[in-house]
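The whole structure should be built from the sequences, with the hints applied where relevant.
Keeping their order, the protein sequence lines are chains F and W.
With the working numbering, the residue at position 93 of the first sequence is 93, and numbering never jumps.
With the working numbering, the residue at position 87 of the second sequence is 87, and numbering never jumps.
Don't take each hint at face value.
Here are the simulated DSS-like pairs of lysine-lysine, each with C-alpha atoms no more than 30 Å apart in a straight line [said to hold, decoys possible]:
#	chain 1	residue 1	chain 2	residue 2
1	W	Lys87	F	Lys18
2	F	Lys38	W	Lys3
3	W	Lys96	F	Lys18
Rather than coming from a laboratory, the hints here were simulated on the basis of the structure.
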Amino acid sequence: MTSSPPTIPTHSVKRSNKSVYMVLGCTVFAAAAQVLMKFGATHPMPQMNPSEPSTWMPFAMALLGNYQLLLGYGVQSGNALLLILALRDGELSMLYPIIALTYVWVNLLSMYFFHEHLNFWKAIGIALVIGGVALLGRASSRA
Amino acid sequence: MNKTPLSSILLVLFASLIGSFGAVFLKLGAAHLNRGFRYIVNWQLAFGIALFLGSSVPFVMGIRHGELSVLYPMVSLGYVWTLFWSKLFFNEPITKGKLGALALILAGIICIGVGGS
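So this is what it looks like as structure tokens:
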């Protein structure tokens with residue numbers, strides 16, 4: 001366990017760097033939430049007819065039992081909270097595009113969980129997005 | 001070969017525009033937190049989250065028709081709008097680094113869209 005002491009050098013550490021790492025964390029949360037929601041979407045659900053009250057209860061119970069979907073929403077809420085905390089300081093134009101990294105994680109996680117294949121264009125796209133986010137990170141640490 | 005209708009493109013562009021304003025309001029609302037965590041309940045944050053959730057309505061309407069490989073990357077144009085709003089509302093400089101990074105990210109998302117179709 002490392003309990004980091006609050007000894008922050010006043011000029012060597014830029015405030016915006018912490019925000020960058022927080023938004024990076026957001027992208028991992030967002031990707032995890034999307035995978036969980038994808039699992040939740042394939043969870044068998046009973047038919048629900050809004051005009052037929054007798055079908056409401058089984059649907060509500062199934063919804064509560066769809067823990068992947070609920071967990072997905074929970075992770076998504078945590079992601080929103082982390083993003084809000086990250087945006088307290090740092091530039092919006094620097095932090096917001098980092099969210100594009102979510103595409104990268106979703107593609108990699110989809111290969112593992114849903115056996116989707118990585119093709120030439122996806123690989124190029126992933127490399128370009130990583131390059132763009134790296135460029136943003138570099139620009140923010142020099143700002 | 002089904003072409004992507006203009007209405008779908010406009011709906012998805014509209015969704016990206018709403019989403020980019022969502023980011024602006026989140027940033028405005030997040031500034032309140034510097035006075036203390038209990039200030040997390042404020043109208044700017046609530047409006048920002050509402051805009052994010054609301055942007056999914058024209059997005060879903062838009063992707064009902066047309067090719068996802070064309071429409072999905074268009075959402076990422078929201079990053080471009082956000083660059084302009086950041087300049088306009090927060091006076092953040094538009095630098096070569098940010099423009100270059102955005103160009104790479106957009107090109108990457110277009111490639112991922114092509115690869116996914």
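Hints versus structure:
1. W:Lys87 with F:Lys18: Between Lys87 of chain W and Lys18 of chain F the Cα gap is close to 22 Å, so the pair holds against 30 Å.
2. F:Lys38 with W:Lys3: holds, 27 Å
3. W:Lys96 with F:Lys18: Cα-Cα ~22 Å, so holds.
Taken one by one, the earlier hints all hold for this structure without exception.
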